[in-house]
Amino acid sequence: MRANPEVIILEDDPEKLEDLRQEFIRKRFHPLTARSASRAISLLKNNLESSRPILAVVDWDLSKAPDNISTTSDLLTFIAHELSDCLVIVYSANVDSFRVRSEIHRSHPRAWLHDKREGDASLIERIDRMLEQTVEDLKVKDGSVVIHTPTNDEHHHREAVRLVVHYPEIVTFHSDSATKAVRRFGDWLAKHDSRVTLISHGNRKYRLTVMQ
Amino acid sequence: MTDTSSTELGMMVPDTMRTLLAISDNGEIAVSIRDMVDRSYLVVRDVRPNEAEEGFHASLPWPWMVVGTTPTIPESIRNLMSHNPVLIAWYGAPLPEGLPSHAVALPTFRDLIGYINDCLEAQMAGMHLAIGLGVELPDGQLARSAELQALLSLAPASFDIPMTAFRSAQRILLAHHIEASVNRDPATGHISLIARAGVEV
Chain E
1 MRANPEVIIL EDDPEKLEDL RQEFIRKRFH PLTARSASRA ISLLKNNLES SRPILAVVDW
61 DLSKAPDNIS TTSDLLTFIA HELSDCLVIV YSANVDSFRV RSEIHRSHPR AWLHDKREGD
121 ASLIERIDRM LEQTVEDLKV KDGSVVIHTP TNDEHHHREA VRLVVHYPEI VTFHSDSATK
181 AVRRFGDWLA KHDSRVTLIS HGNRKYRLTV MQ
Chain G
1 MTDTSSTELG MMVPDTMRTL LAISDNGEIA VSIRDMVDRS YLVVRDVRPN EAEEGFHASL
61 PWPWMVVGTT PTIPESIRNL MSHNPVLIAW YGAPLPEGLP SHAVALPTFR DLIGYINDCL
121 EAQMAGMHLA IGLGVELPDG QLARSAELQA LLSLAPASFD IPMTAFRSAQ RILLAHHIEA
181 SVNRDPATGH ISLIARAGVE V
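Same order as they appear, the protein sequences are chains E and G. Note that my numbering gives residue 203 to position 203 of the first sequence, counting from 1, and the numbers run on in steps of one. Note that my numbering gives residue 14 to position 14 of the second sequence, counting from 1, and the numbers run on in steps of one.
Rather than coming from a laboratory, the hints here were simulated on the basis of the structure. C-beta atoms are modelled at their ideal positions from N, C-alpha and C, and glycine is treated no differently. Don't take every hint at face value.
Here's a subset of chain E near chain G, in silico, CB distances under 8 Å, partners left out [as the list claims (entries may be wrong)]:
(1) SER50
(2) PRO109
(3) PRO150
(4) PRO168
Quick list of simulated restraints, FRET-style, between CB atoms [unchecked claim]:
(5) ARG48(G) / ILE199(E): 31 to 41 Å
(6) GLN141(G) / SER177(E): 53 to 63 Å
(7) GLU75(G) / LYS205(E): 30 to 40 Å
Sample of chain E residues lacking proximity to chain G, with all beta carbon distances greater than 12 Å (derived) [to be verified]:
(8) SER63
(9) GLU103
(10) SER200
Whenever a hint applies, use it, and build me the whole structure from the sequences.
Now the structure itself:
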């Protein structure tokens, strides 16, 4: 069964938002896009049962946003509370500012920062580096597919990607369908004699471990 | 900017990842520390003195380290640090009164970063801190024990808190046949992790 991972993108510039959307479609992601923080929060709130992005790409400076009902800080706080296993990258032209850095990390202590002045290509490279994790004989390609490198077999499921990008942390899954997908991934690892195995900690909590 | 109370801020979301709780009046120390440590090993929570207790409780089961820059701290956070195996480092201000004796005062930022990174890189008897949380054991297993993590990070120095706080660490060392043990100094009552004789440290 295939399920493309989701990404939430907040960018107030419509052209840049479209560029990012196309980039993630090319990577086989399902992008959720918004030009304002309030729209992004609504999108996430309204789809919380069915949609849990593995990545949030957030523009800190929203001068072109169609509304200012909520701030970027509100979105980051929402993600920290409701989507704690979502990787977050925040980009800003003011990333050197102590005040901005402090505000971002008080809203989301695990957020990664990127300097907008380094350009769009640099942002994409940075995202690729965040997502293209390797764990022993497993590799995440384009952030959306897990590959067993000795056989080149692919496992297409967002929950498998989520586990690999969070290795060795414990990840909590939020639905029966997600935990079923995780167990299928565990079976797939065993079938491929992978050195990586799935460990269950109960209560829908799982992590990957490497066999010694 | 909308007015968000500290409880609502993302930094107060409970998290089991190894945490450094940075207590300061303006947050500058947290921003600076974040730039100088490997963030796959710890998350830095930036709190003001009046938020410190909440930040402590959000760091599950307790923070790995508390770093402070203020000359005084609320009694509640002082009590929490006196009853849990938490590393304590103070920078730019004298140690507040009433902290346990394992707290260290570090005069320069360089000293502080050196201390944090030394604690993160601690090794003994084949054990070292794992990415995220816990301790990687010589047999490849991951021990999530915050007590063992604290003892290993502070070694060879000792904790000025009761032995009862370290039961899980001793159990893990015995269960995995690790050549190290939890030691209580008979003179001071302080607790440390020591390698057993004949073992490379």
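Do the hints match the structure? See the list:
no. : hint                              : verdict
1   : SER50                             : violated (22 Å)
2   : PRO109                            : holds (5 Å)
3   : PRO150                            : violated (21 Å)
4   : PRO168                            : holds (6 Å)
5   : ARG48(G) / ILE199(E): 31 to 41 Å  : holds (38 Å)
6   : GLN141(G) / SER177(E): 53 to 63 Å : violated (31 Å)
7   : GLU75(G) / LYS205(E): 30 to 40 Å  : holds (35 Å)
8   : SER63                             : holds (14 Å)
9   : GLU103                            : violated (8 Å)
10  : SER200                            : holds (14 Å)
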